[in-house]
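Student: Protein chains in written order, with numbering that gives the first Met the number 0: chain A, 0 to 285; chain B, 0 to 104.
Accuracy of the hints is not assured; some may be wrong.
What the hints assert, rightly or not - According to the in silico footprint, chain B covers these stretches of chain A (three or more CB under 8 Å from chain B):
| # | stretch |
| --- | --- |
| 1 | 31-38 |
| 2 | 41-51 |
| 3 | 119-127 |
| 4 | 140-148 |
Unchecked claim - For each label pair, taking beta carbons as the anchor points, the in silico distance ranges come out as:
| # | chain 1 | residue 1 | chain 2 | residue 2 | range |
| --- | --- | --- | --- | --- | --- |
| 5 | A | V204 | B | Y35 | 51 to 59 Å |
| 6 | A | N247 | B | L41 | 52 to 60 Å |
| 7 | A | E239 | B | K55 | 28 to 36 Å |
| 8 | B | L2 | A | A31 | 26 to 34 Å |
| 9 | A | I233 | B | T74 | 32 to 40 Å |
| 10 | B | I92 | A | K156 | 31 to 39 Å |
| 11 | A | R75 | B | V93 | 29 to 37 Å |
| 12 | B | K54 | A | N171 | 36 to 44 Å |
| 13 | A | I64 | B | R51 | 42 to 50 Å |
The hints are simulated quantities; they were obtained by calculation from the structure and are not laboratory data. Positions of the beta carbon are idealized from the N, C-alpha and C atoms, including for glycine.
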Amino acid sequence: MKLPIKNLNIYAVFAAGLVFAAAMNFTQVGPAVKNGVYGSTRPLQKMTWDLGATISGGVQNIFSIQNAIRENQDLRGRIDRLLADNSRIAELEKENAALKEALGLGLDKEYDLRMAETVGMDMMADSLMIDKGADDMIEAGFPVVTSGKVVVGRVSKVYDNFSKVDLITNKNVTFDVNVSGNAASGLAKGLGGIKLMLDLIPKDVEIGQGNPVTTSAMGGIFPEGFLVGTVDEINKNDVEIFQTAAINPAFEISKVREVFIVIGYKFEDIPASNADKDSKSAIDSQ
Amino acid sequence: MTLKSVFIIIILFLSALIQASFLSRFSLIGGTWLRYANIVLLLVVLFGLFERRQKKASFAAAVFGGLVLDLYSETFFGLWISVLLAATLFTKIVIRKYVRIPTFW
Numbered sequence: 000m001k002l003p004i005k006n007l008n009i010y011a012v013f014a015a016g017l018v019f020a021a022a023m024n025f026t027q028v029g030p031a032v033k034n035g036v037y038g039s040t041r042p043l044q045k046m047t048w049d050l051g052a053t054i055s056g057g058v059q060n061i062f063s064i065q066n067a068i069r070e071n072q073d074l075r076g077r078i079d080r081l082l083a084d085n086s087r088i089a090e091l092e093k094e095n096a097a098l099k100e101a102l103g104l105g106l107d108k109e110y111d112l113r114m115a116e117t118v119g120m121d122m123m124a125d126s127l128m129i130d131k132g133a134d135d136m137i138e139a140g141f142p143v144v145t146s147g148k149v150v151v152g153r154v155s156k157v158y159d160n161f162s163k164v165d166l167i168t169n170k171n172v173t174f175d176v177n178v179s180g181n182a183a184s185g186l187a188k189g190l191g192g193i194k195l196m197l198d199l200i201p202k203d204v205e206i207g208q209g210n211p212v213t214t215s216a217m218g219g220i221f222p223e224g225f226l227v228g229t230v231d232e233i234n235k236n237d238v239e240i241f242q243t244a245a246i247n248p249a250f251e252i253s254k255v256r257e258v259f260i261v262i263g264y265k266f267e268d269i270p271a272s273n274a275d276k277d278s279k280s281a282i283d284s285q
Numbered sequence: 000m001t002l003k004s005v006f007i008i009i010i011l012f013l014s015a016l017i018q019a020s021f022l023s024r025f026s027l028i029g030g031t032w033l034r035y036a037n038i039v040l041l042l043v044v045l046f047g048l049f050e051r052r053q054k055k056a057s058f059a060a061a062v063f064g065g066l067v068l069d070l071y072s073e074t075f076f077g078l079w080i081s082v083l084l085a086a087t088l089f090t091k092i093v094i095r096k097y098v099r100i101p102t103f104w
């Protein structure tokens, strides 16, 4: 048989490359290597990550102060609308960002949380890397939120010390949501490119631009009541049974730094003795 | 390994790091388009463009650049190596057949 390329070394290198790629994709070697690389370059990556935010903010101010003012006004307007729509969410929004404030709001009373820092981003896949992994009891599927009770995404892959988080705008992420409290429920679908849409809202239900979209417990993916974003452009047509709308995600990806991973719920209202009795009676009845 | 190779490896590695962390937070006029910039790909193509025609170091640069990108991204491992190798091959073919530009390497 005649080979198209005579140099056998090229075939050997190609075969070795294939074996290496297979090992990285289909065995535990890949996650271990990646974990090692992330771990060893973390300080440098953290430095450039923080530097990006600082320089970005500075450059943006220099080049577009007008834009910043307009954006600021727009954001203030949005906050005002949210205040009118849902005072509870606005309360949380005001006290966003700082860890102590977040814990003061009671997130830690309702949920078992782990705080993590974002260390990288893969915009091709709408995903974030965070600095907590299997060693911190993180598992795939755990919801990731901000201190302001805004949902960011869910853990999709776990390494020993790092995890990959699929943002809610990731094409693989679909979850149940409520619009304007519980006025309507629908489905939020990630479209990629930090875009999100609202689907399966019956046409007869009135929704308006700026209505808050919150998570619903129905899908079991995210805890109830976390802010997803606000309704943007609404599409209604006579042919379709449902109306759709674009959602403005509440999280601002360039400003997401500290996030919280919800690893479980706290049931403080149930006394331990009662819980024991309940579980014993359940076992006895079997 | 020559000093030049070490220099190229460091540049590619830092570029991948900057791409994954620094640029992804960078917003300029017109939005956050810098997030999607692939400076490793750009560097590898530039390297291939200005390399002497008979030399093949740009392929090694493509493999290393792709390896680093694959390590920092969550796509199928080997995707970026393949993309960068294909880009380098394409550049080399174009250079060999259609273009004459000054070489520096």
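Student: Decide, hint by hint, whether the structure agrees.
Tutor: Verification of the hints:
Check on the stretch 31-38 of chain A: 3 of its residues sit with their Cβ under 8 Å from a Cβ of chain B, so the three-residue criterion for coverage holds. Counting residues of the stretch 41-51 of chain A whose beta carbon lies closer than 8 Å to any beta carbon of chain B gives 7, which meets the minimum of three for the stated coverage. Proximity of the stretch 119-127 of chain A to chain B, defined as three or more residues with a beta carbon under 8 Å from a beta carbon of that chain, is established by the 7 residues found. Coverage of a stretch by a chain is defined here by at least three residues with a beta carbon nearer than 8 Å to that chain's beta carbons; for the stretch 140-148 of chain A and chain B the count is 0, and the condition is violated.
Remark: the range hint 51 to 59 Å for A/V204 to B/Y35 is contradicted by a beta-carbon distance near 36 Å. In this structure, A/N247 and B/L41 break the distance hint of 52 to 60 Å, their C-beta atoms being roughly 32 Å apart. About 56 Å separates the C-beta atoms of A/E239 and B/K55, a value inconsistent with the hinted range of 28 to 36 Å. Checked against the given bound of 26 to 34 Å, the beta carbons of B/L2 and A/A31, roughly 32 Å apart, stay inside it.
At about 34 Å, the beta-carbon gap between A/I233 and B/T74 stays in the expected band of 32 to 40 Å. The given range of 31 to 39 Å is respected by B/I92 and A/K156, whose C-beta atoms sit roughly 37 Å from each other. Between A/R75 and B/V93 the beta carbon distance is about 52 Å. The supplied range of 29 to 37 Å is therefore violated. Separation of B/K54 from A/N171 is about 42 Å and conforms to the stated range, judged on CB atoms against 36 to 44 Å.
At about 48 Å, the beta-carbon gap between A/I64 and B/R51 stays in the expected band of 42 to 50 Å.
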